[in-house]
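Below are the chains, spelled out letter by letter.
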Amino acid sequence: MNDQLTRQQFWRLTAIGTVSFFAFWYLARALHFAPPQFLPMPHEVVMKLVDLLYNPFAGHVLSEHMLASLTRFGMGFGLAALIGIPLGLAMGWFRLLDDIVTPLFDGLRFIAPVAWVPFAALWFGTGVGGPTLIIFAGAFPPCLINAYRGARNVDVRFLEAASMLGVGNLRTITEVLFPAAVPSIIAGLRIGAGLGWMSLVGAELIVASSGMGNLIVRAQSAIATDTVMAGMIAIGMVGVVIDVLIRRLERWLLKHRNA
Amino acid sequence: MTQQASNRKTLVGLTTVVLVLALWYLSTSVLGLINPSRFPRPEEVGAAFNFIQAEGYGNGKLHQHVLHSLQLVAMGFGVAVGVGVPLGLLMGYSRRAEALINPAFLLLRPIPPLAWIPLAIVWLGLDDASKILVIFVAAFVPSVINSYTGVRNIEAPVMEAARMLGIRGWRMVAEVLVPGSLPMIFTGLRLSLQASWTTLVAAELIGALYGLGSILNQAAQDIFPAMILVAMAFVGISGATTTMLLGMLENRAMPWRKGRVAA
Amino acid sequence: MATIEFSKVTRVFKRDGKDFLILDGINLTVQDQEFVAIVGPSGCGKTTCMRMAAGLDFPSGGTVKVNNTVVTEPGPDRAVVFQQFALFPWKSVHENIDFGLRSKGVSKEEREKLIAHYIELMNLKGYESAYPHQLSGGMQQRVAIARAYALNPQVLLMDEPFGALDAQTRVVMQEELVKLARKNPRTVLFITHAVEEAVYLADRVVVMTSRPGTIKEILDVKSVREAEQWDHHSRIEDVMDLESFVHLRTRIWKSLREEHAGTDH
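Line by line, the protein sequences are chains A, B and C.
First residue of the first sequence? That's 1 in our numbering, and the numbers climb one at a time after it.
First residue of the second sequence? That's 1 in our numbering, and the numbers climb one at a time after it.
First residue of the third sequence? That's 1 in our numbering, and the numbers climb one at a time after it.
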């Protein structure tokens, strides 16, 4: 925008920024901003992360916690997509359905996913069902909204062509609306995955007996800050991987369509 | 949308809501289809609402809880936006600043804000400070990213015109960067607000004396589904109201976005 | 004395690791209060020349000087009129024109007088509080020109300012610019690919070659214009009908045609 940087300068500054970040962290420790128990050094966190892969904490090793979380995530997210996308498309096509669902949706939408936790616990328990509901609550809105918008923004001419050819409602939705709405749907999936993963952590913080959220909350009670931070990093990394996977899917789908 | 379609939409909407409420009433009070310890009856919810309003529940009356939550959101959101928006603008305007600050940002960003709650509790305990910290973290990221995008979206000719006119420094920021990025800044504000509420509720659920989340927590422990519903409803209402206020502010702040006048 | 001086100017763009020579040895002097138009095929670097005079771009070799000082940054002494108007969407017409004046430290009274003068001059009366998106392209460009003129710049740099307008509006704007330029002459560098526009407006027309751009030839229009008294005709179509005009225009077309032929691989 304002100043043009050469590639070299850009990477040099990036390196300085990265180093400064860690330097600041070490410095904070050296200057006793917090007692060592509360502020582990970066390398201690990394070592702990590796350690957790082999030595259990709160009953399980890292991979087991992660698996529990991912299972819940998969179910909640899968459900959100399976219900949200077709429903969104249908709402985009059937105005009446839109008029019926929208007020209900708008009413529930503003309730933060985590606020569903006590309810979910009451109804579905704390194993898989409860957290799944909360992930669903987080992932569902973007999936629905984006499918809906994608369907509504379809070029009218496609719809006119379809109706002229005598294509019925179901086929219009699956063979005209859906393909055209794919970019929007994928965007919704990405946002939904992010929100769902976030909601999962929240749910596990409160009600679960296993999983990553549970791991860090137990570590917090034990004031095992290095474990807390290691857990946070692991959660972040998996979140990134999920996002990257969906983006890969998006690219594959786009290539497929244009071929 | 035509008036007819708009009317029909409202009618169907109202009918749906009424039907759902009727269904609720029928299946719980009249037919007793649902176990009351799982899902409360409408009158129970009404009673719980009256109770918490008049007598209080979990350390305070309803308005005290709502106010407390509101305060925390306001503080966390306020600081996050106050720091995040200028930072985003700076990063958008200066590639140097972007290169320097981005690494720290990229390292911290993937960590979901809710995952900060245990760390915040370790550092700051269970009172308000830890909650404000987590709200800050949650609200910070969307503000930065959207302000950054906002600046980058200002068209190059407009930026060049500003420089040509001799606009520098503070005037560039106040009269070009900020107004030019305002639409995206508001998008960021909306996202930040949403994130603030989500995070606050979670933090309060885990441990708090006051606030909507604390009501939820208490009601869950007491197995008081009616109160849970009341709390959930007010979480929704608070979120919706603050979002609406933000929307109103957005419209007032950008008077230049309207229709065509002259040929 | 506001002169623009390009001496031995070259410009190389780096892209994907390759070097593209855009300008190769430009030598050109625009005299004080002279109106010079540059025409040339697409990609010949004519806009780059203007941007270097503006301080929005810099030569890889050689120097660009305005008033005998090397250009280091953009400024209100070298006002630019952009093809895309570049008005500030969040400011009204009045505020857009006022914006540049404020940084010059002009008193409020003076500013109001100036703005009123140019609004009148550019036929913008009544639209002072309108926002750019409410105006048509022609009106927006009028605001951009008013904004530039109000700065009372020594040098005026115009980058295909009428390119984004429809044919009728373009004609009106050209007539207005001619009137303005004769009444209020200043040093102008005008970039266009429309030959007729260049011949109608300019004192001299510079013809550039295709990439890498050099100056192919420079034609003196002013002497022809004065000899044939073009300014006696107020309507553009009457001027463009004159034999002397057609002759010059065709001459330049042919010159450009050769350049285009060169790029038809």
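Simulated from the structure, these hints should not be mistaken for laboratory data.
For clarity, every value in this text was computed on a predicted model and none was experimentally measured.
Where is the CB? At the ideal position from N, CA and C, for every residue including glycine.
Take these hints with a grain of salt, some might be off.
[To be verified] Label pairs and their in silico Cβ distance ranges:
no.: 1; chain 1: B; residue 1: ASN251; chain 2: A; residue 2: ASP155; range: 49 to 59 Å
no.: 2; chain 1: C; residue 1: ARG102; chain 2: A; residue 2: SER163; range: 55 to 65 Å
no.: 3; chain 1: C; residue 1: HIS232; chain 2: A; residue 2: THR6; range: 27 to 37 Å
no.: 4; chain 1: C; residue 1: LYS113; chain 2: B; residue 2: ALA240; range: 44 to 54 Å
no.: 5; chain 1: A; residue 1: VAL46; chain 2: C; residue 2: GLY163; range: 40 to 50 Å
no.: 6; chain 1: A; residue 1: TRP123; chain 2: B; residue 2: ILE237; range: 19 to 29 Å
no.: 7; chain 1: C; residue 1: THR250; chain 2: A; residue 2: PHE10; range: 26 to 36 Å
no.: 8; chain 1: B; residue 1: MET254; chain 2: A; residue 2: PRO56; range: 35 to 45 Å
[Said to hold, decoys possible] Residues on chain C that point at chain B, a partial pick, calculated with CB under 10 Å:
no.: 9; residue: PRO76
no.: 10; residue: GLY100
no.: 11; residue: ALA144
no.: 12; residue: ARG147
no.: 13; residue: GLN154
no.: 14; residue: LEU157
no.: 15; residue: GLY163
no.: 16; residue: ALA167
no.: 17; residue: ARG170
no.: 18; residue: LYS254
no.: 19; residue: ARG257
Practice task
Closer than 10 Å between Cβ atoms is the bar; does GLN154(C) clear it against chain B? Give me holds or violated.
Solution key: The hint is violated - GLN154(C) has no Cβ within 10 Å of chain B, the shortest such distance being about 13 Å.
Practice task
Could you see if the CB distance from LYS113(C) to ALA240(B) stays within 44 to 54 Å?
Solution key: Taking Cβ atoms as reference, LYS113(C) and ALA240(B) lie about 51 Å apart, which means the hint holds.
Problem - Restraint satisfaction for PRO76(C) [CB to CB of chain B, less than 10 Å] - result: With a closest approach of 5 Å, the PRO76(C) hint holds.
Practice task
Double-check ALA167(C) for me: the hint is only fine if its C-beta lies closer than 10 Å to a C-beta in chain B.
Solution key: violated, 16 Å
Handout entry: Hint check: 10 Å Cβ-Cβ cutoff, GLY163(C) to chain B
Key = Interface hint status for GLY163(C): violated (13 Å vs cutoff 10 Å).
Practice task
Have a go at the ARG170(C) hint: is there a Cβ in chain B nearer than 10 Å to its own Cβ?
Solution key: violated, 16 Å
Problem - Interface restraint verdict for ALA144(C) against chain B (beta-carbon cut-off 10 Å) - result: This interface hint holds because 8 Å falls under the 10 Å limit.
Exercise for the section: Return holds or violated for the Cβ distance of TRP123(A) and ILE237(B) against the range 19 to 29 Å. Expected result: Since TRP123(A) and ILE237(B) have Cβ atoms about 22 Å apart, the given range 19 to 29 Å holds.
Exercise for the section: Report holds or violated for the interface hint on GLY100(C), using the least CB-CB distance to chain B and a cut-off of 10 Å. Expected result: holds, 4 Å
Practice task
Using the Cβ atoms, figure out if VAL46(A) sits within 40 to 50 Å of GLY163(C).
Solution key: violated, 58 Å
Practice task
Kindly confirm whether 35 to 45 Å is satisfied by the beta carbon distance between MET254(B) and PRO56(A).
Solution key: violated, 55 Å
Handout entry: Restraint outcome when LEU157(C) is required to lie within 10 Å of chain B by C-beta distance
Key = holds, 9 Å
When the structure is compared with the earlier hints, violations turn up for hints 1, 3, 5, 7, 8, 13, 15, 16, 17, 18 and 19 and for no others.
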